[in-house]
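Asks: Quick mapping for you: the protein sequence lines, in order, are chains H and X. With our numbering as the guide, the letters of the first sequence map in order to residues 921 to 1449. With our numbering as the guide, the letters of the second sequence map in order to residues 82 to 271.
Incorrect hints may appear among the rest.
Unchecked claim - To be clear about the criterion: a stretch of chain H counts as covered by chain X if any three or more of its residues have a C-beta under 8 Å from a C-beta of chain X, and this derived list gives those stretches:
{"id": "1", "region": "1089-1100"}
{"id": "2", "region": "1242-1251"}
As the list claims (entries may be wrong) - Anything over 10 Å on all C-beta distances counts as not near chain H; from chain X, calculated:
{"id": "3", "residue": "G127"}
{"id": "4", "residue": "S142"}
{"id": "5", "residue": "A147"}
{"id": "6", "residue": "Y187"}
{"id": "7", "residue": "P201"}
{"id": "8", "residue": "A203"}
{"id": "9", "residue": "V204"}
{"id": "10", "residue": "V205"}
{"id": "11", "residue": "D207"}
{"id": "12", "residue": "D209"}
{"id": "13", "residue": "R231"}
{"id": "14", "residue": "F232"}
{"id": "15", "residue": "A249"}
{"id": "16", "residue": "V255"}
Simulated from the structure, these hints should not be mistaken for laboratory data. Glycine included, each C-beta is placed from N, C-alpha and C at the ideal position.
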Amino acid sequence: MAQRLFLGDEAVAQGALDAGLSGCYAYPGTPSTEILEYIQTSKLAAERNVHREWSTNEKAAMEEAIGMSFAGKRAIVCMKHVGLNACADGFMNAAVTGARGGLAVVVADDPSMHSSQNEQDSRYYGQFAMIPCLEPSSQQEAYEMMSKYVFGESEAKGTPILVRLTTRLSHSRANVEVGEASPIPAAVTADASDRHFVLLPAIAKKNYERLCAKQGTFEAMSEESPYNAYLEGADKSVGIVASGIGFNYVMEAFGGKCPHPVLKISQYPLPKKKLARLLSECQSIVCVEEGMPFIEQQLRGPLADPRIKGRLTGDLPRTGELNPRLVAEAFHLDLPAVPVVSPLVKMRPPRLCDGCPHADTYRAINAAIADMPNARVFGDIGCYTLGALPPYNAISSCVDMGASITMAKGAADAGIGPAIAVIGDSTFTHSGMPGTLDCVWEKSPVTILILDNLTTGMTGGQSSVGAGRMEAICAGLGVEAEHIRTIVPLPGKHDENVAVLREELAYAGPSVIVARRECIQTLRHKVKK
Amino acid sequence: MKNDIVLAGVGGQGILTIAAIIGKAAMDQGLNVKQSEVHGMSQRGGAVLAHLRLSSEPILSDLIAACTADVIIAMEPMEALRQVQSLSPSGAIITASKPIVNIPDYPEVEAVVAELKKHPRAVVIDADEIAASAGNARGSNMVILGAVSRFLAMDAQTLRDAITGFFARKGDAVVAANLKAFEAGRKAAE
Ligand SMILES: Cc1ncc(C[n+]2csc(CCOP(=O)(O)OP(=O)(O)O)c2C)c(N)n1
Ligand code: SF4
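Looking at chain X on its own, in the form it has when it is part of the complex (with noise of 0.2 Å):
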């Protein structure tokens, strides 16, 4: 088994939450993982990268190779778009549909989207409005989560507990937020 995610999206979206959940999710089921993920000057707004690997064999180099990542997740999409060197013929995209519109010459995000959608599988949501309805506004990264969760080869199970994990020092409020955002992100998938 072996999943190489490309995670992308704009500096404080979550992308590195996603990536320790998954990341916590891989280990607690006995795979080997590996994630590199950028800090420092390129948190400030800027675009935020992370290359997450999992793998039942040892895992050789930190960093995805060009046209080998089996998903990108992103929260953004003209980040994810960014990032679909990365991506193999067979993979899939899954990103939040909002765009983050913090540059002056930011595209029509139509055009971004519809780029996006010749790729085979991708699929674009519109996570910030399924948080929002699932009455957890800040957990977009978390839906996002749910609906990556169709692609990984993970069990969701193992998912859900280390979403339970993550948050538990927040409380059980925040827990089941997240975990309501997660599934439905899930459901947004199907």
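So here's chain H without its partners, still in its complex pose (with noise of 0.2 Å):
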């Protein structure tokens, strides 16, 4: 056994591959990225040959994984909670095939949103697609979910596994005691007259069928989850549910002792036997859970059970992660004042760094709009989303990924003009071309600026597959060549590219200007090596 200090995101992809896992599938987001990023850098992935290159989107990674799945062998596939959107229909439906070779979908939420639009809780993914989900409690547990247990239950019970991190884990180290390595094993494999992954109507019925049937199948894992635990206490006043990091501020709080009758919940559907014991001990139940209140809501009813306690009955904040003082707070213990903050201290929010690209893109496109009051900026995702902060105050929406072509399409349909639409190449790659389809078939006047700075660089510079073709890409998709310019984002070149821009902005069809200079800090780190 060795001792590793790991992000709880490093213990996830080192347990996968102890497992004998055959390929890792992600897109980048905060806070999953160093999953597939340590299988990079790791040697055994390497001597093992196993998969770890970036998809396109996190749509093409869970189908790349379930792929591997039918050919019977191990894959994870990771992401951002909002990434499961994304790819929600690979994932209900991978429910309804079922695996073959073991699959785990790695799905780390945010929430706070330290780095995302929203704090959705993925573990309602799990029970919407009615599959088993793991909730680790600490980077020991994570790795040993990975490497013990989550492949052998996919492939003996037949399902996708999601396991769901938050922040506080996939972004924090502690020390890992690591296994052995197992061999990759051999590919589970299955006739060729089998049927289970076409999903006709007369297939998937039977398969909705067993997967309705395998519920309790799933429930008899929860209750016997080397997971999930019944914590003993003498004061039954108050029974806990705590589920994943949870339960480390409840202990916590009570200083690794707790007086009170503790369920940790580390695994999905919940257990209702042990709930139910909780439930007929303890007068009242507090529920600390970061995310959502999912297990609160199931307990508290349609009717609002008042004796059960957390997010939604004001107990716990009812947004943003714990802490263990909120915590501690929550069950009235005796803590000493928070001191307020001086206010000298004053807000520092993240910025384009100096010298990025974007900043030059943004002067460009506010001086080519200044006198044109009905023109609007529809942003994306990406670094280049902090040009709606001062100084540029430069876009007038971020809702998701590829948002801002399709928003300025149905924005220009319904009279906004100029229409502009901010997409990074990382994000036009995702899911930026079926909207520049759209504009393209029916000629909209939509001026798409794809922001080429060669990178996925707001998750920290992955490799970006379309990155330095961007106009080969447009071409292809239907975009007049003569409406496909090139600009490079410098500030000497700041008149010429505001001419190119209103130019663009004066054609009534739908046009694309690539501004390209590669960010700094890739360039950076290019010329360090």
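Using the hints, build the complex out of the two chains.
Replies: Next up, the structure:
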């Protein structure tokens, strides 16, 4: 046994490798990015030729992983919480096909939205798809779930398994005892006539009935799970349901010895027998969960059982991530008063790096539309979203990846003009291409700026599959050659760039302006090497 | 033994390097470690925060509760002040004095330092200047680490070894420069 200092993400990655993983599929997204990044630098992964390239988006990653499972090999697919929306179709249907080779869907949620647009809770997706969901409470547990449990169970029960992480586990390091790596198991074989993966109604209906029938098995798994535990406590005035890292905060609040019974939950569906015991023994229940009140809502029921407390009753905040203080307060423990922060302290929001190409692009856009009060700029997701803040104040929207182009089109359809979309290279290939096709098909008056900084900057500079080739891609999509322009966002080229922008804004059809200059950060890394 | 350490600074100042070195040293000393760090959006010139917990006992929470931190380590004075809610009444603040003024409403730095010094155990040092005099202008974070070494329940030699290990692949000269900055910081906090 060796000791390693692992991020939660790295513990997941090493655990999966040690279980005989054949492929990791992912699109970057905070706080999940380090899972594939770890595998990319792992010697074991290289020796075993484990698949470890970035995918174009989460949907591609999900389906590639399903393909590997179809072939009988062990696969994980990793993403941030909103990534699961982007591949929900594949995910929901993989629950219906079932898995062949072990398949783990690892999703990292970001409560408090440190780097995200929302704080959706992936456990609802696990419930929705009716598959087992694991929620490790520590880096060690994450390693063990991945190395010893997930793939074997996935194969034995023929189901994908969801693994839900949250920011403070994904991005926290801890000592992890690491075991030996198992060899990559032989492929799980199936007869060529096996039609599980053909979701024609006749087959899908049978698959779905079987999935429904498996629910009892999944419940039994939770009931017997090594990750769900009932901890005795003498003071039964309150019982505690603590899931994932919420469990750590509860134990911390009580100095490691909780006087109340605690049901630690790290596997779903909820273990009904254990819950029933807690509910029958205790006068009231406090639910401590990171993310949305998933367990609390189920226990409260439609009639809002007053014995059940948590985020919905205000005992814990309705939104945002937990911390040990908030949890201690929920139990009315005796705590020192927290000093107020000095009014001298001012907000320091993130901003574009000095010399970032996006800054020059925004200056050009702002200058080009200065005399066009009806112009609107639809933003997208990436470093360039920071163009919403001063000094640029340049964009009016940022909703989900790819939405710049499609929202600009919808707004143009409604009479807004000029309608300008601003989208990064990675985001464009992630989900900007279909909207561009819509614009081409309908000859919509939309000007699309593709900010090609040759990388996926926001998440730390991962490869971007279409970088440097935007013009050819757009030509292939049918944008007219004379309306595919390229500019170099540099202060010295400002006037030139403004002129190009104004020409294309005057055109009453779809046009693309590629603003190409490498991200300062990736450039710096290259220079260092 | 337990040390709960809050690290604060501005993206790019190297607080995660400080955290990684202390974490490694602690592990080599057989301690349990938990280190929660902020990646992503907040690294682009924004406020950056890490929580580092070391203990001979198992560590439960990844985050440090308000009013319980033993040390605040900061590379920037306003960022030190932002974290005072974490500090235990008997805790210490070690911060670099030079402000990073990348926002329009940055306060008077003298007022910030005065506010910090109201705290009984605040060490405010000009880490940039000390690093430059030690011949390693980019070693401000190692100066701060040197100063902090006087406040940790940890052997200074283990920290030196961890610095050596951390920078080893960059060559002996880089290791030596960082150790020098470390010693200069240690001296400054005497
Ligand atoms: C569905 C989804 N997946 C992943 C992310 C995380 N994410 C935010 S921006 C981004 C990529 C940005 O790259 P690019 O468009 O090239 O812009 P840059 O940051 O380089 O300017 C990613 C992966 C997300 N917000 N939503
Ligand atoms: S990381 Fe690159 S793209 Fe992002 S703000 Fe910095 S220079 Fe710009």
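Asks: The structure should be examined with respect to each hint, and the outcome stated for every one.
Replies: Verification of the supplied hints:
1. 1089-1100: That given contact holds, which follows from 6 residues of the region 1089-1100 of chain H lying within Cβ reach (below 8 Å) of chain X.
2. 1242-1251: holds (count 4)
3. G127: violated (3 Å)
4. S142: At about 4 Å from chain H, S142(X) fails to clear the 10 Å cut-off, so the statement is violated.
5. A147: violated (4 Å)
6. Y187: violated (7 Å)
7. P201: holds (14 Å)
8. A203: Check passes; 13 Å lies beyond 10 Å.
9. V204: holds (18 Å)
10. V205: Label holds. Min Cβ-Cβ 14 Å, cutoff 10 Å.
11. D207: Given that every Cβ of chain H is farther than 10 Å from that of D207(X), nearest at about 20 Å, it holds.
12. D209: holds (18 Å)
13. R231: holds (24 Å)
14. F232: holds (20 Å)
15. A249: holds (17 Å)
16. V255: holds (12 Å)
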